[in-house]
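4 protein chains.
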Amino acid sequence: MLRVFVTGGTFDKTYDEIHGRLSFGDTHVPEMLTLGRSRVELTVETLMMIDSLEMTDIERERIVARCAECLERRIVVTHGTDTMVETAAYLARHVPGKTIVLTGAMVPYAFGSSDGLFNLGSALSFVQVLPPGVYVAMNGTHFAWDRVRKNRALGIFEALE
Amino acid sequence: MLRVFVTGGTFDKTYDEIHGRLSFGDTHVPEMLTLGRSRVELTVETLMMIDSLEMTDIERERIVARCAECLERRIVVTHGTDTMVETAAYLARHVPGKTIVLTGAMVPYAFGSSDGLFNLGSALSFVQVLPPGVYVAMNGTHFAWDRVRKNRALGIFEALE
Amino acid sequence: MLRVFVTGGTFDKTYDEIHGRLSFGDTHVPEMLTLGRSRVELTVETLMMIDSLEMTDIERERIVARCAECLERRIVVTHGTDTMVETAAYLARHVPGKTIVLTGAMVPYAFGSSDGLFNLGSALSFVQVLPPGVYVAMNGTHFAWDRVRKNRALGIFEALE
Amino acid sequence: MLRVFVTGGTFDKTYDEIHGRLSFGDTHVPEMLTLGRSRVELTVETLMMIDSLEMTDIERERIVARCAECLERRIVVTHGTDTMVETAAYLARHVPGKTIVLTGAMVPYAFGSSDGLFNLGSALSFVQVLPPGVYVAMNGTHFAWDRVRKNRALGIFEALE
Chain A
3 MLRVFVTGGT FDKTYDEIHG RLSFGDTHVP EMLTLGRSRV ELTVETLMMI DSLEMTDIER
63 ERIVARCAEC LERRIVVTHG TDTMVETAAY LARHVPGKTI VLTGAMVPYA FGSSDGLFNL
123 GSALSFVQVL PPGVYVAMNG THFAWDRVRK NRALGIFEAL E
Chain B
3 MLRVFVTGGT FDKTYDEIHG RLSFGDTHVP EMLTLGRSRV ELTVETLMMI DSLEMTDIER
63 ERIVARCAEC LERRIVVTHG TDTMVETAAY LARHVPGKTI VLTGAMVPYA FGSSDGLFNL
123 GSALSFVQVL PPGVYVAMNG THFAWDRVRK NRALGIFEAL E
Chain C
3 MLRVFVTGGT FDKTYDEIHG RLSFGDTHVP EMLTLGRSRV ELTVETLMMI DSLEMTDIER
63 ERIVARCAEC LERRIVVTHG TDTMVETAAY LARHVPGKTI VLTGAMVPYA FGSSDGLFNL
123 GSALSFVQVL PPGVYVAMNG THFAWDRVRK NRALGIFEAL E
Chain D
3 MLRVFVTGGT FDKTYDEIHG RLSFGDTHVP EMLTLGRSRV ELTVETLMMI DSLEMTDIER
63 ERIVARCAEC LERRIVVTHG TDTMVETAAY LARHVPGKTI VLTGAMVPYA FGSSDGLFNL
123 GSALSFVQVL PPGVYVAMNG THFAWDRVRK NRALGIFEAL E
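Chains as they are written, first to last, in the numbering used here: chain A, 3 to 163; chain B, 3 to 163; chain C, 3 to 163; chain D, 3 to 163.
With the rest of the complex left out, here is chain A (with noise of 0.2 Å):
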């Protein structure tokens, strides 16, 4: 069994076209793994729905609690890209014994050409194979939590040498 905590993030960003901009809803997760056709064993639970720029410490406060407190060992949490390394190493420091994979978009999953679909199959993939630790994966590959920069300037994910 698997859990997946969604905390918002550019992967669920949505256009809101009453006020032309975008905005959070309901989060795009479970109508991603029906397109999946996903069989994995798994529970959706939405912690927040918020940019990544704005979590402060109460938040992940909240994220690491959820994620030592609830019964499965196996964790995917959906993340903004701007903080998604920060929010890895406070996991890693308090919610040990537990296989967790942080991931997230760089586009919208609303949009045509996101790279949500195939970021949330990759997290999924990784968190049922991988020992105790908190990765991150983007981009087809994995990375340990400490061995990881976001490269904002190319929008990719990097290893740390």
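Derived by calculation from the structure, the hints in this document are not laboratory data.
Where is the CB? At the ideal position from N, CA and C, for every residue including glycine.
Hints are not guaranteed to be accurate.
Claimed, not checked - Within a straight-line C-alpha distance of at most 30 Å, the following computed DSSO-like cross-link-like pairs (lysine-lysine) qualify:
id: 1; chain 1: D; residue 1: LYS152; chain 2: D; residue 2: LYS100
id: 2; chain 1: B; residue 1: LYS100; chain 2: B; residue 2: LYS152
id: 3; chain 1: C; residue 1: LYS100; chain 2: D; residue 2: LYS100
id: 4; chain 1: B; residue 1: LYS100; chain 2: A; residue 2: LYS100
id: 5; chain 1: A; residue 1: LYS152; chain 2: A; residue 2: LYS100
id: 6; chain 1: C; residue 1: LYS100; chain 2: C; residue 2: LYS152
Stated by the list, open to error - Partial list, derived from the structure: chain B residues whose beta carbon lies under 10 Å from chain A:
id: 7; residue: ILE20
id: 8; residue: GLY38
id: 9; residue: MET108
id: 10; residue: SER116
id: 11; residue: ALA139
id: 12; residue: ASN141
Claimed, not checked - Beta-carbon label-pair distances, calculated as ranges:
id: 13; chain 1: C; residue 1: HIS96; chain 2: A; residue 2: ASP18; range: 47 to 53 Å
id: 14; chain 1: C; residue 1: LEU162; chain 2: D; residue 2: ASN153; range: 40 to 46 Å
id: 15; chain 1: B; residue 1: ASN153; chain 2: C; residue 2: VAL46; range: 32 to 38 Å
id: 16; chain 1: A; residue 1: ASP18; chain 2: D; residue 2: THR58; range: 23 to 29 Å
id: 17; chain 1: D; residue 1: GLU43; chain 2: B; residue 2: ARG151; range: 53 to 59 Å
id: 18; chain 1: A; residue 1: THR36; chain 2: C; residue 2: ARG41; range: 28 to 34 Å
id: 19; chain 1: B; residue 1: HIS96; chain 2: A; residue 2: GLU71; range: 45 to 51 Å
id: 20; chain 1: B; residue 1: GLU71; chain 2: C; residue 2: LEU162; range: 46 to 52 Å
id: 21; chain 1: D; residue 1: ARG95; chain 2: C; residue 2: LEU162; range: 37 to 43 Å
id: 22; chain 1: B; residue 1: GLU71; chain 2: D; residue 2: ARG23; range: 31 to 37 Å
id: 23; chain 1: B; residue 1: ALA161; chain 2: A; residue 2: GLU160; range: 35 to 41 Å
id: 24; chain 1: A; residue 1: ARG151; chain 2: B; residue 2: ARG151; range: 40 to 46 Å
Guided by the hints, dock chains B, C and D onto chain A, whose structure is given.
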């Protein structure tokens, strides 16, 4: 380094608008990797573009030969779902010591409702972390080659007890 | 008030993932109107769901009967492209005094690469402003029923000189 | 012969994945015409790429000047929805004797849920058959420039009584 062998299947079917039917053109795999912003180092090689119901031992021998002789030890094979399990068994008998993951799609990538991008993200992830062996990766799950069958009535892959 | 008669054709073909082939289910027209945020007052009525190559005079008589007896004087007929011109001619002979626009698609709406939504927006617009007569609306253009043919080699509709 | 003037608006907004926000790049109109298999003879000319809330009389004068001086007598203008009606009124006062249709989208074309392709098919069709005048074509409907307003609360265009 990873290699992706393309063999066709639903995954890569496209719509021939002149003749009004499904057919094969070039593979969509490179376009899908671009969409997924994949940063995985890999080479894509098209071996054939056929419906897996038309696959005979001649084609399977070709897949085996290329999997055995290529330098990469981690290989993804895109394949039609109908005989994916047969080809997996064939590979298991003839290509020891490599991690080979077969994947495909229930709906062509060119359709809006395709599971292809999710499955490709999944297969590329499993192949990077699983030990040597031959696996089928569909629906977010991986199966050892001798522990899976396609349930044609439901259109899903399921574990053999 | 406007009426849309659905007869099938490429426009409405969908992918049957159990059998791995194109088939017909329910029409996509209501979903397409929702996507287009259509505010046109209209009623959608499915007359049949068939490939237009299989259309005989029995089906054409049914289309004629419904076009003649419905109260609306402005009608869109969705239709397979292969015999769209034949049905247009049949309607022109049997349903005087109404504006009837036939449209369809070269690629099923369910495909990302479909021209269906463009053609539906076009046909609904032409039908609101053209004088009584029977027309084909494809590729952003309208043709009087006796001034058009489908060029099957190129997959386009073109004016007869 | 027809001319399409592009001015930006929601229609053409794209997602800037480096900065995580909506922005403008090149217009999507040529790609949309290709998708619609448009056979309409036309020239696309980008005048500006701006949000219509930022449009001032300086930009409107430029649109007027190009509409007046171009040889075509049938013109489509793509435009943000928020001030589409103001620009329509401006054109009506300054460009007599031509058929000008303004259109746009409630959701960017780059989103899967966009009404853009439907509206473009509609606008291109109305402009070919309506008499000289300035019109707004949205939601499958056309309105004379002085008989329409945008209902911002509902996100629709509606007829003025």
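Checked hints:
1. D:LYS152 - D:LYS100: holds, 23 Å
2. B:LYS100 - B:LYS152: holds, 23 Å
3. C:LYS100 - D:LYS100: holds, 28 Å
4. B:LYS100 - A:LYS100: holds, 28 Å
5. A:LYS152 - A:LYS100: holds, 23 Å
6. C:LYS100 - C:LYS152: This hinted pair holds, its Cα atoms lying about 23 Å apart.
7. ILE20: violated, 25 Å
8. GLY38: holds, 3 Å
9. MET108: Nearest chain A Cβ about 6 Å off; hint holds.
10. SER116: This hint holds: SER116 (chain B) lies near chain A, its Cβ roughly 8 Å from the closest one there, short of 10 Å.
11. ALA139: holds, 7 Å
12. ASN141: Since chain A brings a Cβ to about 4 Å from ASN141 (chain B), closer than 10 Å, the hint holds.
13. C:HIS96 - A:ASP18: 47 to 53 Å: holds, 49 Å
14. C:LEU162 - D:ASN153: 40 to 46 Å: Because 44 Å falls inside the window, the suggested range holds.
15. B:ASN153 - C:VAL46: 32 to 38 Å: About 36 Å separates the Cβ atoms of ASN153 (chain B) and VAL46 (chain C), which means 32 to 38 Å holds.
16. A:ASP18 - D:THR58: 23 to 29 Å: Given range 23 to 29 Å: holds, Cβ gap about 25 Å.
17. D:GLU43 - B:ARG151: 53 to 59 Å: At roughly 56 Å between Cβ atoms, ARG151 (chain B) and GLU43 (chain D) fall inside 53 to 59 Å, so the hint holds.
18. A:THR36 - C:ARG41: 28 to 34 Å: holds, 30 Å
19. B:HIS96 - A:GLU71: 45 to 51 Å: Between HIS96 (chain B) and GLU71 (chain A), where Cβ atoms are some 48 Å apart, the hint holds.
20. B:GLU71 - C:LEU162: 46 to 52 Å: violated, 58 Å
21. D:ARG95 - C:LEU162: 37 to 43 Å: holds, 42 Å
22. B:GLU71 - D:ARG23: 31 to 37 Å: violated, 48 Å
23. B:ALA161 - A:GLU160: 35 to 41 Å: holds, 37 Å
24. A:ARG151 - B:ARG151: 40 to 46 Å: Taking Cβ atoms as reference, ARG151 (chain A) and ARG151 (chain B) lie about 43 Å apart, which means the hint holds.
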